[in-house]
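Participant: Each chain, written out:
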Amino acid sequence: MNEPDLTEYDRSAIMFSPDGRLMQVEYARKSIAKGSTTVGIRTKNGIALVVEKITSGKLMVPESFKKIFLIDDHIGIATAGLISDAQVLIDIARIEAQRNFASYDEPIDIDTLTKKICAYMQSYTQYSGMRPYGTSLLIAGYDKDGEPRLFETDPSGAMFEYKATAIGSNSDTSISIMESMYEDDMDLEDGILLAILSLHNTDAKTFNPKKMEIGIIDENSKLFRKLSFDEVEEYSKMIEEMIKEKMNEK
Amino acid sequence: MKENEMHGTTTIGIVCQDGVVLATDSRATMGHMIASRNAKKVYRIGGRLAMTTAGSVGDAQQLVKIMSIETKMYKVSREHSMSVKAASNLLANVLRAERYYQYRVQLVLAGYDKTGPRLFSLDASGGLIEDNTFYSTGSGSPMAFGVLESQYAEGMNCDEGIILAVRALKAAMARDSASGNTIKVVKITQEEYKEIEDETIDYILEEMA
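Protein chains in written order, with this note's numbering: chain F, 1 to 250; chain H, 1001 to 1209.
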């Protein structure tokens, strides 16, 4: 007998292959791995989300599309993968946050929101005629009790919590850089710099702030906000200086 | 059930040169009973926007909730705040949609946006009227209007507006049994949304005496 042909089982999102895989979900992960890199890092006094956007051509306006979104005062989401799919999930996240507020008069907790989004994404792997979301999200924010949380979602509807992680193309490189340099007691400022550094290979000498998007939430305000272009530029200059110093030491 | 309504109230909105002033009493009544001596009747809905409520407490609170959520959703997706005109139009649509089973309220919605200080009054059937001077709602409004009509001056600033609001409320609270207890005042300018401290209001009242 021949081995079963797996390609017969990838036509529908909801059909298992004989060896127990959902091929469409695996293909969705591949679409995420093709896009830009998105990094999230949780520190003792805040969380940072950093994205390096891929722009097509000199004439494109890089600010015209976004990868980091404000969901509620205390939550931000960074995306990797299909932007169009992501935007639908962003809308759902915003509505869920406000629905929680309407029902309970309190801000939604980060894990609650993540579970809601994941339950929604999961349904696209179980009902016929559906295609899974080709998007992964990093969901960052502060819970009511003051705890910083950082979650990642997967097209299957699975969720994971991290101290620091990356999604999208070359995310393995970013993760290994952060694994070697992450410290539990680092502050937000260091976290932002490490996230930027992890997005580029350490040999990079210049950074293009126009392509970078940074969103932060700090312990004091507990308000998520996007950094302005000037602030992003300042961070990229800081990191260029640091690398220059390192090179001179060598 | 009519008894369950906040008939008795005085709310005031004043358009000033540098912002708007909103003021209310703090008495909630059920018939002849004072249901609360510390009722909240000015609600912030987003950054530079607030509304005063008169009428059914439950109806008013539901509208405040709807408006808080709508302005938040608007802001997170469009990255700028809803204008006062847009907010009041939306609120009028909500009221109008329930034309045949009305929210029993009289509202003043005011704030500061790109166009400056703006003030709108709304009725239960969705009627929306902009006023560029002042407005008052509730059972104490005839007394308040009397003071406002005679003492409002075009181009007055928020500090003068606060004093006028306190004066008008004082008159209403003196003659309307359903308005009373303490005075709450909010000032909205380009720079800030500020709830005026009780001590400041006490001082203004003492100076008037």
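It cannot be assumed that every hint is accurate.
Stated by the list, open to error - Quick list of in silico lysine to aspartate or glutamate cross-link-like pairs, DMTMM-like style, CA-CA up to 20 Å:
(1) F:66 x F:230
(2) F:66 x H:1149
(3) H:1065 x F:230
(4) H:1075 x F:147
(5) H:1075 x F:241
(6) H:1072 x F:73
(7) F:211 x F:179
For the record, the hints were derived by calculation from the structure and aren't laboratory data.
Participant: Each hint needs a verdict: does it hold in this structure or not?
Facilitator: Do the hints match the structure? See the list:
With a C-alpha separation of about 17 Å, the suggested pairing of residue 66 of chain F with residue 230 of chain F holds against the 20 Å cut-off. Taken as a hint, the residue 66 of chain F and residue 1149 of chain H pair is broken in the structure, with Cα atoms around 51 Å apart against an allowance of 20 Å. The suggested pairing of residue 1065 of chain H with residue 230 of chain F is violated, with an alpha-carbon distance near 36 Å, which exceeds 20 Å. Restraint check for residue 1075 of chain H and residue 147 of chain F: the C-alpha separation of about 25 Å exceeds 20 Å, so the hint is violated.
About 37 Å separates the Cα atoms of residue 1075 of chain H and residue 241 of chain F, which puts this hinted pair outside 20 Å; it is violated. Of the supplied pair hints, the one linking residue 1072 of chain H and residue 73 of chain F holds, its CA atoms being roughly 9 Å apart against a limit of 20 Å. Distance hint between residue 211 of chain F and residue 179 of chain F is unfulfilled; the C-alpha atoms sit about 24 Å from each other, more than 20 Å.
This entry does not satisfy hints 2, 3, 4, 5, 7, going by the numbered hints stated previously.
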